[in-house]
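Colleague: Below are the chains, spelled out letter by letter.
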Amino acid sequence: MPDIQEIPDAVFQETITRAVQEVFKTMLSQNATHSPMTPEETKACLGLDSPHVVSTVGFIGSINGLIYLYMDVKFATQCAANMLGMSDAEITEAGEEAVNDAIGELTNMTVGTFKNQLSDKGFPCKLTIPSIMRGSNFQIESISTATRRTYRFIIAGQTLIADLLMQPPSE
Amino acid sequence: MRYKILSVDDSKTVRIIIKKAFKLFDCDILEGANGVEGLAIATKETPDIILLDVTMPVMDGVEMLTKLKSDPALKSIPVIMLTAEGGKEHVLKIAKIGVRDYIVKPFKEELLVQKVGRIIDLKPITDAPAKAKSIFDPATLLVVEDKPAIFAQIKDGLKHTPWQVHGVASTGEAIDFCGRTAVDLIMISLSLPDESAFTLFRVLRTNLKTKYTPIFGLVVKTDAAAQQMAQQVGFTGIATKPIDIPELESKIAKAMNLDTSLRYFKTEGDMLIMSLPEVCTPTVINEVTNYLKSKVAEAVDSGMSKAVFDLHEVKRLDMPLIKMLLTAMQTCREVALVYSLVGNATLMADCKGYEDTRNWQFHENIEEARQNLQKQGATA
Numbered sequence: 000m001p002d003i004q005e006i007p008d009a010v011f012q013e014t015i016t017r018a019v020q021e022v023f024k025t026m027l028s029q030n031a032t033h034s035p036m037t038p039e040e041t042k043a044c045l046g047l048d049s050p051h052v053v054s055t056v057g058f059i060g061s062i063n064g065l066i067y068l069y070m071d072v073k074f075a076t077q078c079a080a081n082m083l084g085m086s087d088a089e090i091t092e093a094g095e096e097a098v099n100d101a102i103g104e105l106t107n108m109t110v111g112t113f114k115n116q117l118s119d120k121g122f123p124c125k126l127t128i129p130s131i132m133r134g135s136n137f138q139i140e141s142i143s144t145a146t147r148r149t150y151r152f153i154i155a156g157q158t159l160i161a162d163l164l165m166q167p168p169s170e
Numbered sequence: 000m001r002y003k004i005l006s007v008d009d010s011k012t013v014r015i016i017i018k019k020a021f022k023l024f025d026c027d028i029l030e031g032a033n034g035v036e037g038l039a040i041a042t043k044e045t046p047d048i049i050l051l052d053v054t055m056p057v058m059d060g061v062e063m064l065t066k067l068k069s070d071p072a073l074k075s076i077p078v079i080m081l082t083a084e085g086g087k088e089h090v091l092k093i094a095k096i097g098v099r100d101y102i103v104k105p106f107k108e109e110l111l112v113q114k115v116g117r118i119i120d121l122k123p124i125t126d127a128p129a130k131a132k133s134i135f136d137p138a139t140l141l142v143v144e145d146k147p148a149i150f151a152q153i154k155d156g157l158k159h160t161p162w163q164v165h166g167v168a169s170t171g172e173a174i175d176f177c178g179r180t181a182v183d184l185i186m187i188s189l190s191l192p193d194e195s196a197f198t199l200f201r202v203l204r205t206n207l208k209t210k211y212t213p214i215f216g217l218v219v220k221t222d223a224a225a226q227q228m229a230q231q232v233g234f235t236g237i238a239t240k241p242i243d244i245p246e247l248e249s250k251i252a253k254a255m256n257l258d259t260s261l262r263y264f265k266t267e268g269d270m271l272i273m274s275l276p277e278v279c280t281p282t283v284i285n286e287v288t289n290y291l292k293s294k295v296a297e298a299v300d301s302g303m304s305k306a307v308f309d310l311h312e313v314k315r316l317d318m319p320l321i322k323m324l325l326t327a328m329q330t331c332r333e334v335a336l337v338y339s340l341v342g343n344a345t346l347m348a349d350c351k352g353y354e355d356t357r358n359w360q361f362h363e364n365i366e367e368a369r370q371n372l373q374k375q376g377a378t379a
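Residue numbers (numbering that gives the first Met the number 0), protein chains in the order written: chain A, 0 to 170; chain B, 0 to 379.
Mixed in with the good hints there might be a few duds.
Ranges between beta-carbon positions, derived for each pair [claimed, not checked]:
| id | chain 1 | residue 1 | chain 2 | residue 2 | range |
| --- | --- | --- | --- | --- | --- |
| 1 | B | ASN206 | A | THR25 | 20 to 26 Å |
| 2 | A | GLU89 | B | ALA223 | 54 to 60 Å |
| 3 | B | GLU277 | A | SER86 | 54 to 60 Å |
| 4 | B | ASN206 | A | THR158 | 36 to 42 Å |
Keep in mind that the hints were calculated from the coordinates and are not lab data.
If you're wondering where the values come from, they're calculated on a predicted model, not measured in any experiment.
The beta carbon of each residue, even a glycine, is placed where N, CA and C say it ideally should be.
Let's have the full structure, built from the sequences with the hints guiding it.
Modeller: This is the structure in structure tokens:
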């Protein structure tokens, strides 16, 4: 099995970009563009100060990791409505639970597509069940042994942050 | 038969997307949120197909699939895995347990419908108001013909019908047209270049929108080889060139399962009126004969006691027509329905020439016939 440390950053960037683009194109008919960030921008985008939906799915196996997708509540609601074929009024009536479930599934698909590419590169692993958080004033921090990579995507003028936290399997 | 599709996924979103994907098809969607629920529903409902996620709480998809395949009553139910788990090793492992297909999320609804449609015979829901039911309802016909004169002949010949006849000259245009419009019947010229009529036929039959649409082959009367080939591949019917419009119209009505009885039968007050056209072709005689018993029975059932056979338009009397009229009279007598005939001078003269018809009495119009029937009723 190849060593995870030997995988260049460019491969992770390419893999997550392909996953985000494929999922948003297939499920929402929207194009996603990777928008590189400076370290300051990265730090700023992870410190949330407005209402956001943050969804995460993990993968366990020859690599252990988590991917968080961050989107503001308005964008999350639009994505959910689009995915479920609902109008603005209908998704509002369906409530936060419907939005959370749709974003959880969108994350599941994105992380699944990412993970499947890693599996085919020689790092087999399994997905976990999605978790959703909502809030306005919080920051997710990683443990010191994890490798963190953060990517920004622009989708229909809105911002999606994909935050990858990875570590090799414990011996 | 209404098919049952069981969707087992912990994501309500996926279950809603699946429902949405199949809403235009004649099937019921059953839902389970995990393997335990999925197995319980499968046991109770015996679905025709199961769409199964892998990663779920309580019982995951692999465990449910294993249990399903070890149950003699359930193991034959086809399963399509619908999951974000798409690594090659994982797919191979699940394939060994026994699945019919594997769809990796994200997925297009069209792909899902297509894959399910390969396993069960999905049929679009009959949209009653949009579909033509009677000969007087509008319908959309498509003629795929590269010879404008033939298309013009068909369009012109059918202009007295409520049907909209559209023409395209190529298979590509036909596929585009069927993609955006609900077509009730398609006629394809079998002389399109490179046998493309047969390729188009196959494409239309694999498309769920046109899978059950009647398709006629348009072919020169003498081209027996093309006619035979069309019958072999499954064309609904053949219309031969030169086009015989009344025959084509009748074939179209039959293929679209249209009720043509209103052409011949109507009711006025307490009277059933059967009207025959100027020319009573074998097709007309056949249609009227087929409707006769049920129409007479319906009339009696709704309290009618009189019938008029309106033959004033009929130009010529022949044996098939006489035979059909004798059957109609006998049918009326069997249910005690009194009847009268309306005819014209030519017909009356023709009747004198046959033993069976020489004593038939005709009235000049329906009103006169009605009065005669009322008198008969009063006398009785």
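Colleague: Each hint should be assessed against the structure and marked as holding or not.
Modeller: Results of checking the hints against the structure:
1. ASN206/B / THR25/A: 20 to 26 Å: holds (21 Å)
2. GLU89/A / ALA223/B: 54 to 60 Å: For GLU89/A and ALA223/B the Cβ distance comes to about 59 Å; the hint holds.
3. GLU277/B / SER86/A: 54 to 60 Å: holds (56 Å)
4. ASN206/B / THR158/A: 36 to 42 Å: The hint (36 to 42 Å, Cβ to Cβ) holds, given that ASN206/B and THR158/A are roughly 40 Å apart.
Consistency with the previously given hints is maintained throughout, with no hint failing.
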